[in-house]
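Chemist: Here is how the chains run, residue by residue.
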Amino acid sequence: MTATRAPARAPAAETGTDPVAAAITPTLRETFRRRRAWIVIAAVLVLGALVVLVVQGGARAPGPILGADNPAPPGSKALVQVLRAHGVDVSEARTAEAALDAAASGATVLLYDETGILGAERLTELAAAADRLVVAEPGFGALEALAPGVRLAGAASGPIDDVACAARPAERAEALSDGQRLLTVDDDAAAAGWRGCFRDGEFGYAVATGPGPSGGEVALVAATTVFENEHVDESGNAALAIGLLGASDELVWYLPGPADADAAEAPTLAELTPGWVSPVVVLAIAVTIAAGVWRGRRLGPLVVERLPVQVPAGETSEGRARLYARSTSRGHALDQLRIGAIGRIAAVLRLPRSAPVEAVADAAAQATGRDAASVARLLVGTRPAGDRELVDLAAELDRLEHDVAASVRPDDRTDPTGRRP
Amino acid sequence: MAVTGRFVLLVALGVVPVVVAGLQGADAAWLALVGWLALSIGAGVLDLSLAASPRRLVLTRSLPDRVRLGETVTSELAVQHLGPRVLRAVVRDGWDPSAGIAGPNRTRLRIPPGERRRMSLELTPWRRGDRRAEEVTIRSSGPLGLWSRQATLAAPGRLRVLPPFHSRVHLPSRLTRLRELDGRTPLLIRGQGTEFDSIREYVRGDDVRSIDWRATARHVDPEVPGSMRLMVRTWRPERDRRIVIVADTSRTAAARVDDEPRLDTAWEASLLLAALASHAGDRVDFLAWDRRLRGRVHGAGGAELLARMVDTMAGIDAELIEADWASVPGHVRRVTSHHALVVLLTAADSPGSARGLLSVLPQLTARHTVVVASVADPALLAARHERDTLDEVYGASAAERGLLDVERVGAAIRRLGGITVTAAPHELPPALADCYLELKATGRL
Numbered sequence: 001m002t003a004t005r006a007p008a009r010a011p012a013a014e015t016g017t018d019p020v021a022a023a024i025t026p027t028l029r030e031t032f033r034r035r036r037a038w039i040v041i042a043a044v045l046v047l048g049a050l051v052v053l054v055v056q057g058g059a060r061a062p063g064p065i066l067g068a069d070n071p072a073p074p075g076s077k078a079l080v081q082v083l084r085a086h087g088v089d090v091s092e093a094r095t096a097e098a099a100l101d102a103a104a105s106g107a108t109v110l111l112y113d114e115t116g117i118l119g120a121e122r123l124t125e126l127a128a129a130a131d132r133l134v135v136a137e138p139g140f141g142a143l144e145a146l147a148p149g150v151r152l153a154g155a156a157s158g159p160i161d162d163v164a165c166a167a168r169p170a171e172r173a174e175a176l177s178d179g180q181r182l183l184t185v186d187d188d189a190a191a192a193g194w195r196g197c198f199r200d201g202e203f204g205y206a207v208a209t210g211p212g213p214s215g216g217e218v219a220l221v222a223a224t225t226v227f228e229n230e231h232v233d234e235s236g237n238a239a240l241a242i243g244l245l246g247a248s249d250e251l252v253w254y255l256p257g258p259a260d261a262d263a264a265e266a267p268t269l270a271e272l273t274p275g276w277v278s279p280v281v282v283l284a285i286a287v288t289i290a291a292g293v294w295r296g297r298r299l300g301p302l303v304v305e306r307l308p309v310q311v312p313a314g315e316t317s318e319g320r321a322r323l324y325a326r327s328t329s330r331g332h333a334l335d336q337l338r339i340g341a342i343g344r345i346a347a348v349l350r351l352p353r354s355a356p357v358e359a360v361a362d363a364a365a366q367a368t369g370r371d372a373a374s375v376a377r378l379l380v381g382t383r384p385a386g387d388r389e390l391v392d393l394a395a396e397l398d399r400l401e402h403d404v405a406a407s408v409r410p411d412d413r414t415d416p417t418g419r420r421p
Numbered sequence: 422m423a424v425t426g427r428f429v430l431l432v433a434l435g436v437v438p439v440v441v442a443g444l445q446g447a448d449a450a451w452l453a454l455v456g457w458l459a460l461s462i463g464a465g466v467l468d469l470s471l472a473a474s475p476r477r478l479v480l481t482r483s484l485p486d487r488v489r490l491g492e493t494v495t496s497e498l499a500v501q502h503l504g505p506r507v508l509r510a511v512v513r514d515g516w517d518p519s520a521g522i523a524g525p526n527r528t529r530l531r532i533p534p535g536e537r538r539r540m541s542l543e544l545t546p547w548r549r550g551d552r553r554a555e556e557v558t559i560r561s562s563g564p565l566g567l568w569s570r571q572a573t574l575a576a577p578g579r580l581r582v583l584p585p586f587h588s589r590v591h592l593p594s595r596l597t598r599l600r601e602l603d604g605r606t607p608l609l610i611r612g613q614g615t616e617f618d619s620i621r622e623y624v625r626g627d628d629v630r631s632i633d634w635r636a637t638a639r640h641v642d643p644e645v646p647g648s649m650r651l652m653v654r655t656w657r658p659e660r661d662r663r664i665v666i667v668a669d670t671s672r673t674a675a676a677r678v679d680d681e682p683r684l685d686t687a688w689e690a691s692l693l694l695a696a697l698a699s700h701a702g703d704r705v706d707f708l709a710w711d712r713r714l715r716g717r718v719h720g721a722g723g724a725e726l727l728a729r730m731v732d733t734m735a736g737i738d739a740e741l742i743e744a745d746w747a748s749v750p751g752h753v754r755r756v757t758s759h760h761a762l763v764v765l766l767t768a769a770d771s772p773g774s775a776r777g778l779l780s781v782l783p784q785l786t787a788r789h790t791v792v793v794a795s796v797a798d799p800a801l802l803a804a805r806h807e808r809d810t811l812d813e814v815y816g817a818s819a820a821e822r823g824l825l826d827v828e829r830v831g832a833a834i835r836r837l838g839g840i841t842v843t844a845a846p847h848e849l850p851p852a853l854a855d856c857y858l859e860l861k862a863t864g865r866l
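Protein chains in written order, with my numbering: chain A, 1 to 421; chain B, 422 to 866.
In case anyone wonders, no lab produced these hints; they're calculated from the structure.
No incorrect hints appear here.
Label pairs and their calculated CB-CB ranges:
#: 1; chain 1: B; residue 1: Gly463; chain 2: A; residue 2: Thr124; range: 52 to 60 Å
#: 2; chain 1: A; residue 1: Leu302; chain 2: B; residue 2: Ala724; range: 38 to 46 Å
#: 3; chain 1: B; residue 1: Arg527; chain 2: A; residue 2: Arg35; range: 25 to 33 Å
By construction, the Cβ of each residue, glycine as well, lies at the ideal position given by its N, Cα and C atoms.
Just chain A, same shape as in the assembly:
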């Protein structure tokens, strides 16, 4: 692993003859050429997808819900244009100040606060300033501020045709399409002058009207369905919408923007942390990616070791032992041990290979001084009845074999030098 300078610089002639080592890694150009088909297919797919998006118009963002100039299904461009055609001066407001100014001059105000930006104070202020305030899909906070006692009550079960009140726009509309939400009006609210229109079930109303804090009129429409491009033409939706919004010559279309957020509310996480935290997090991600590339790039392809096949030789014996154990062939297993022991005892006692078992047993009994019958039983007779007995007999066989070997061995007291103690 050392690098040394070559003793001699390569002569020019050698430089000319030695071939440059062939590269296995393809160059960028070769990679491109090799994968050209895939690259072309990918490009065609991406282009096709783009074309489809452009043709469908889906490439644009859907725009704000109930946006006055939003032609998308959830927008309200259709309603606004009809109102304008009828001579209503529709102006858009994105801030509370603009909406308050317009309201002070006697305009009707449509409020749709999608994310609940406006605080209670702003809402009351707006309701006090406007002669007519129409709130689309009021949230919990808005209901608390404007109409305590009117509560959200889920979605309607279907189209509603029970007008149930005497308000003119509602009477003219007669029925509302499917997709409405419901409000309930409790006794306190009813006593304060709140009336529900378009009843669904016992207590649910799709629209609620009542007095504002300074005498103006406030209408709460529980769902945005009535104003949406997609549904405005269904049932009596358009009649209700135009009736509510077209009552005066001026209409302020107020969708609160981020600037209206109440300064008194809790600051977001981004406002709490110093300005450098988010960039440092992004930098940490970049460092992680770079470190991954650094450690993950392999220095050349893996080299595969061609291993020769090798099998542990003991597997046959182990497998056979498990077969004996599984089939609890105690007699067979013990017989193997007996055959081996008889053979070895016969060899130790210098008996011929053809000697019968009885002769071997007798000779072993003589050599060890044991009872001939018990040795014969051990070597041929007994069949093991249980596992315990098998283990005992096996050990006993081993002991017998050991004793026979010890009996013919020359006296152990002679030490290797041949001297007796």
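Once you've looked at the hints, dock chain B against the given chain A.
Modeler: Chain B only, in chain A's frame:
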């Protein structure tokens, strides 16, 4: 392309400008982040464009052809740089893992244009056979050491790793025994297994029984008229006998006994026998056989014999196929038509797998002296006396069954006229050598 740790550090250092700018405001921090990332990537691209091409290189390998297993060799790779810029590279040589490279396989080289550097790696292979290196990977970094170019170049190399021949430690003692058989020892014993060598003049100390009186009568002493020179006959062991070693490389040779595959034991045993026999003046032929001839050494003698044998053995590994013993007599006949000592190195351990061998053995024993050498498993011998628990008793009886099978196959071989040599892996080579010496002494070659 690859990036270095230095580049990662550079990107990480961006935390300083980002925090400093962040004290002014969030926008400034974002600007600093984008600026720093652009700066880092720009520096990387610049570095990459200044790096020398790793493709314009001439690679020359120099390494020994052969090495004995367990020994260390130096593999050298000369890298000549033909590009116009200085090459700062990390080189990795693509050797097999079993080539046993010492240390991390990463060599830093700095080669000015047109010059050549030599790098060396210490290899201690730990497996027999051909160890190969197909490619060399070069990672060339730029002067800043941020980004690098990488290419893998073809640089084929091969190192043949020969069997270790550990059993050569047994050779000197067996050669001494051989010399005792030979006439070079003071004992001029005439007996079986010896043949007439020459007649020479009696010197004091020679056995008087070896005086050849007829030769003495023909040799008149010119210096002392009327008297004769005493001539003695000298004897030497039989020479120029044929020995054919047939090693079985089929599935039984793949079994690992006592941490050594049967095949490796067969190689050790054949090498020791061949070394001994070539010293004794016999001619050794070697065949490696399963269903086809895997290797053959024929007609070599002396040092060349061992060299060719280890070379042939190096590349042979056991295969999981059944040996075809039926064609072995034909191959032996092709080697020699005379009486020979045929040594079969195989596994004679179960009646089922030895059936092929037993069926052709009569054909071989009719013409030749046949020795069947096989490895005994010491684990079986140990297992048969362990009988303390039920599982051990079953293990012992299975081991006993295996050993009885070995004995049965051995008895069958002996009945068919073969000679069996069975020993534990490390004891088989000397046991086979002893068997050979005994056959030689008794004149049965």
